[in-house]
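*Asks:* If you read the sequences in order, they're chains A and B. Quick note on numbering: my numbering labels position 65 of the first sequence as 65, and the sequence is numbered without any gaps. Quick note on numbering: my numbering labels position 222 of the second sequence as 222, and the sequence is numbered without any gaps.
Treat the hints with caution; some may be incorrect.
Lysine-lysine pairs mimicking DSS-like chemistry, simulated, CA-CA at most 25 Å apart [unchecked claim]:
| # | chain 1 | residue 1 | chain 2 | residue 2 |
| --- | --- | --- | --- | --- |
| 1 | B | K267 | A | K51 |
| 2 | B | K35 | B | K164 |
| 3 | A | K60 | B | K35 |
In case anyone wonders, no lab produced these hints; they're calculated from the structure.
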Amino acid sequence: MVKEIERAGMTVVHACSIVPISLTVGGNRIVPTIAIPHPFGDPHLAGPEEKALRRSLVEKALQALETPIGGQTVFE
Amino acid sequence: MSTSYKVVHCLNQFFGGLGGEEQAGAAPTLVQGPKGPGLLIENSVPGLRVMSTLIFGDNYLAENTEKAVQEILNLLAPCFEGDDAGRPDLLLAGPAFNAGRYGIGCGALCQAVQERWGIPAVTAMFPENPAVALYRKTVFIAETSDDVRGMAEAIQRMTPLGLKLVRRESCLPEEDHYIAQGRRKNVRAAKTGAQRALEMLVQRLQGEPFESEYPMPVFDRVRPAPPVADMRRARLALVTSGGIVPRGNPDKIEAANAQRFGSYPIKNLQRLSSQSHQTVHGGYDPTCANGDPNRVLPLDAVRELESEGAIGSLHDWYYATVGNATSVESAQRYGQAIAKILLADGVQAVLLTST
Numbered sequence: 001m002v003k004e005i006e007r008a009g010m011t012v013v014h015a016c017s018i019v020p021i022s023l024t025v026g027g028n029r030i031v032p033t034i035a036i037p038h039p040f041g042d043p044h045l046a047g048p049e050e051k052a053l054r055r056s057l058v059e060k061a062l063q064a065l066e067t068p069i070g071g072q073t074v075f076e
Numbered sequence: 001m002s003t004s005y006k007v008v009h010c011l012n013q014f015f016g017g018l019g020g021e022e023q024a025g026a027a028p029t030l031v032q033g034p035k036g037p038g039l040l041i042e043n044s045v046p047g048l049r050v051m052s053t054l055i056f057g058d059n060y061l062a063e064n065t066e067k068a069v070q071e072i073l074n075l076l077a078p079c080f081e082g083d084d085a086g087r088p089d090l091l092l093a094g095p096a097f098n099a100g101r102y103g104i105g106c107g108a109l110c111q112a113v114q115e116r117w118g119i120p121a122v123t124a125m126f127p128e129n130p131a132v133a134l135y136r137k138t139v140f141i142a143e144t145s146d147d148v149r150g151m152a153e154a155i156q157r158m159t160p161l162g163l164k165l166v167r168r169e170s171c172l173p174e175e176d177h178y179i180a181q182g183r184r185k186n187v188r189a190a191k192t193g194a195q196r197a198l199e200m201l202v203q204r205l206q207g208e209p210f211e212s213e214y215p216m217p218v219f220d221r222v223r224p225a226p227p228v229a230d231m232r233r234a235r236l237a238l239v240t241s242g243g244i245v246p247r248g249n250p251d252k253i254e255a256a257n258a259q260r261f262g263s264y265p266i267k268n269l270q271r272l273s274s275q276s277h278q279t280v281h282g283g284y285d286p287t288c289a290n291g292d293p294n295r296v297l298p299l300d301a302v303r304e305l306e307s308e309g310a311i312g313s314l315h316d317w318y319y320a321t322v323g324n325a326t327s328v329e330s331a332q333r334y335g336q337a338i339a340k341i342l343l344a345d346g347v348q349a350v351l352l353t354s355t
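Based on the sequences and whatever the hints tell you, model everything.
*Replies:* As structure tokens, then:
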């Protein structure tokens with residue numbers, strides 16, 4: 001899906017927990033997330049801390065969208 | 001005289017009998033003797049013995065592969081570095097069918113064990129398993145059907161292939177039913193290359209079927225799109241393969257091998273909640289996502305950033321499917337359809353989340 005959306009001309013960031021799969025399939029802007037069952041959160045954190053973590057991941061994704069890249073790039 | 005072979009077998013928490021998704025985070029353990037499919041492996045060849053079974057949680061291995069593999073090598077070391085008589089001849093892993101996380105675990109373990117101890121290792125998967133592209137060049141992967149209904153056939157392919165490797169017999173993908181590794185082998189042919197090439201050319205000119213001796217690899221790569229100049233002015237859309245849908249799953253999206261995607265309104269919605277949304281993805285433990293669906297589709301954080309001006313605007317709908325053993329062909333179709341809708345609405349940037 002990432003590839004087809006990019007092929008259509010939009011800039012896409014793939015936020016995912018298993019980065020090697022995204023690299024293999026052909027994602028270009030990749031942001032690694034926390035864990036498979038909760039990519040944008042961590043149930044062990046208190047509510048506000050979890051929200052802050054989620055927000056920081058979204059901010060990283062927005063930065064990735066604004067970053068020029070020459071090929072597949074993982075935004076650690 | 002019957003030869004006996006000693007095998008170490010690797011299984012995920014499900015096939016190893018530890019439990020379902022609630023055990024997907026389980027740290028690896030080594031148990032004596034065969035478990036589950038290991039019993040079938042033992043029965044498939046007389047004299048073969050599964051000495052021990054290594055069981056790992058799918059998430060434990062897929063999320064932090066390098067570290068987990070190192071732990072497993074430490075667990076297996078006494079077994080592979082003990083006295084000659086007790087040392088295993090072969091490592092088998094899976095079959096993993098079309099399970100992506102399980103496939104990654106099996107591929108990583110086969111690769112690590114054959115590198116470290118120089119013994120053959122074989123796993124088995126469906127050709128579309130994402131782990132195939134990662135490991136096929138270094139690991140022997142017997143070809144299976146996409147789900148567990150193909151268990152008997154998978155065992156009948158994986159085990160004999162492993163034993164052939166133990167006996168150092170030559171193998172071929174077409175004969176031994178494994179996924180081609182892309183190796184070149186020297187063989188004697190009755191005709192010269194020039195003769196074979198001309199015959200092929202004639203067949204081609206006459207529109208007859210012919211088989212290339214060197215099929216070209218197909219690379220489907222998309223050039224990175226240019227960056228968005230300024231997210232503060234851009235229109236963003238949210239898409240997920242994590243199966244987040246309105247409660248009740250109005251489109252009846254399947255928990256695995258999804259046959260559709262859904263479009264769901266988020267206009268005026270500030271956040272997802274356990275009352276409004278849920279996951280229908282069958283490939284991970286839904287507890288965390290159902291407790292707070294923003295953990296998979298981070299609408300609350302996106303809205304916050306939008307209200308602060310960091311995002312120009314948010315497209316009024318989000319799009320969701322289940323990326324769990326879903327075919328590549330289906331995913332392409334959904335991606336194309338979603339892209340069309342987004343372009344029509346002037347979307348420039350997309351955040352796609354996967355579990």
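*Asks:* All the hints need checking, so say for each whether the structure fits it.
*Replies:* Hints, verified against the model:
Simply put, B:K267 and A:K51 have alpha-carbon atoms about 21 Å apart, close enough for the 25 Å limit, and the pair holds. At roughly 23 Å between alpha-carbon atoms, B:K35 and B:K164 fall within 25 Å of each other, so this suggested pair holds. Pair hint A:K60 plus B:K35 does not hold up; C-alpha atoms about 43 Å apart against a cutoff of 25 Å.
Taken one by one, the earlier hints fail for this structure only at number 3.
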